[in-house]
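Produce the entire structure from the sequences given, and follow the hints as far as they go.
What follows is each chain in one-letter form.
Number of protein chains: 2
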Amino acid sequence: MTEAPEAAQFRWRASCEWVNGTHSRSTITDFFGLGEEQKHKQAFTFEADHPEIFASEDHGATPVEIVLAGLASCLTAGVASVAQNRGIQLRSVKATVEAGMDIQGILGIDSEVRNGFDGINVRYEIDADATKEDIEAVVAQSQKRSAVYDVITNPTNVTVEVA
Amino acid sequence: MTEAPEAAQFRWRASCEWVNGTHSRSTITDFFGLGEEQKHKQAFTFEADHPEIFASEDHGATPVEIVLAGLASCLTAGVASVAQNRGIQLRSVKATVEAGMDIQGILGIDSEVRNGFDGINVRYEIDADATKEDIEAVVAQSQKRSAVYDVITNPTNVTVEVA
Numbered sequence: 001m002t003e004a005p006e007a008a009q010f011r012w013r014a015s016c017e018w019v020n021g022t023h024s025r026s027t028i029t030d031f032f033g034l035g036e037e038q039k040h041k042q043a044f045t046f047e048a049d050h051p052e053i054f055a056s057e058d059h060g061a062t063p064v065e066i067v068l069a070g071l072a073s074c075l076t077a078g079v080a081s082v083a084q085n086r087g088i089q090l091r092s093v094k095a096t097v098e099a100g101m102d103i104q105g106i107l108g109i110d111s112e113v114r115n116g117f118d119g120i121n122v123r124y125e126i127d128a129d130a131t132k133e134d135i136e137a138v139v140a141q142s143q144k145r146s147a148v149y150d151v152i153t154n155p156t157n158v159t160v161e162v163a
Numbered sequence: 001m002t003e004a005p006e007a008a009q010f011r012w013r014a015s016c017e018w019v020n021g022t023h024s025r026s027t028i029t030d031f032f033g034l035g036e037e038q039k040h041k042q043a044f045t046f047e048a049d050h051p052e053i054f055a056s057e058d059h060g061a062t063p064v065e066i067v068l069a070g071l072a073s074c075l076t077a078g079v080a081s082v083a084q085n086r087g088i089q090l091r092s093v094k095a096t097v098e099a100g101m102d103i104q105g106i107l108g109i110d111s112e113v114r115n116g117f118d119g120i121n122v123r124y125e126i127d128a129d130a131t132k133e134d135i136e137a138v139v140a141q142s143q144k145r146s147a148v149y150d151v152i153t154n155p156t157n158v159t160v161e162v163a
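Line order of the protein sequences matches chains V and X. This note's numbering puts the first residue of the first sequence at 1, with every later residue one more than the last. This note's numbering puts the first residue of the second sequence at 1, with every later residue one more than the last.
Calculated directly from the structure, the hints in this document are not laboratory data. One thing to keep in mind: the hints can contain errors.
Identical copies carry no separate label here, and so any pair may be met within one copy or between two of them.
[Claimed, not checked] Below 20 Å or equal to it, Euclidean Cα-Cα: the simulated SDA-like pairs (lysine to any residue) are:
id	residue 1	residue 2
1	94	54
2	144	155
3	132	113
4	144	154
5	144	43
6	144	38
7	39	23
The structure displayed is predicted, hence computed values, not measured ones.
This is how it looks when you write it as structure tokens:
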């Protein structure tokens, strides 16, 4: 890839169809990378909805929870990859993610309150054939190379258009 | 909620267990809001993995794709809610999301390249009982109140710790 940097240009995709109320279904099937169209072995679908306390039907996870799952899974894949590279045998890895949100933002009650999270905490419990220091170094390296960690901690431009 | 702003303090959660390789399973069951612990009607699980071209087994969506599903579903729930508030009858709503990424960032080949997306485009196809202008106004309002749109377009602090 250092000799063919165009192979490194990826395009990730999802499509989302409204079902009813706040319920939607997102589907992930294909992406572009290594210079050509790529297909997953199967389609992956994600149901999303709002909970009943928001007068919705709770047919799926809340979209903000889906983002937390994306963050946790990105960091966890990184922990596994870095551990393997360093010859560390993992026995179990569990991440617990919690994110605060003042929903006065999304409800439009207080314009000073942001719509998104006021912060996210990820806490790892890792059982591995390594010292605490080595495990902490694996987690730090995963964080340093994580795509989703970067997407959340730094601004990304999003354009929204109507066909 | 304007009279009891403490009810607006939510805590959203996900847990993630490593399965093997880059494969993990995230589970969403509960959150805190309206001053007390809340439970979803059922647990929602999300399989994540890396694709085969990354020498993984493609047992689930790539974490960055999961984030795109979170963005699409958040904006789509907003479109549905705003349309309902405005008395607009939706017939179909479909969002197509695409995000570019130069993976020289996550691979550590070029430190000038960011790990995350270089930008995201969301394209809506909406069939509704409304003019194009009214539909565009619905999408714009959804974007203005979207939690995930805010999380992605603005920086959010993430702390990662090892127990």
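Honestly, which of those hints from before does the structure not fit? Checked against the structure, the hints that fail are numbers 1, 3, 5 and 6, while the rest are satisfied.
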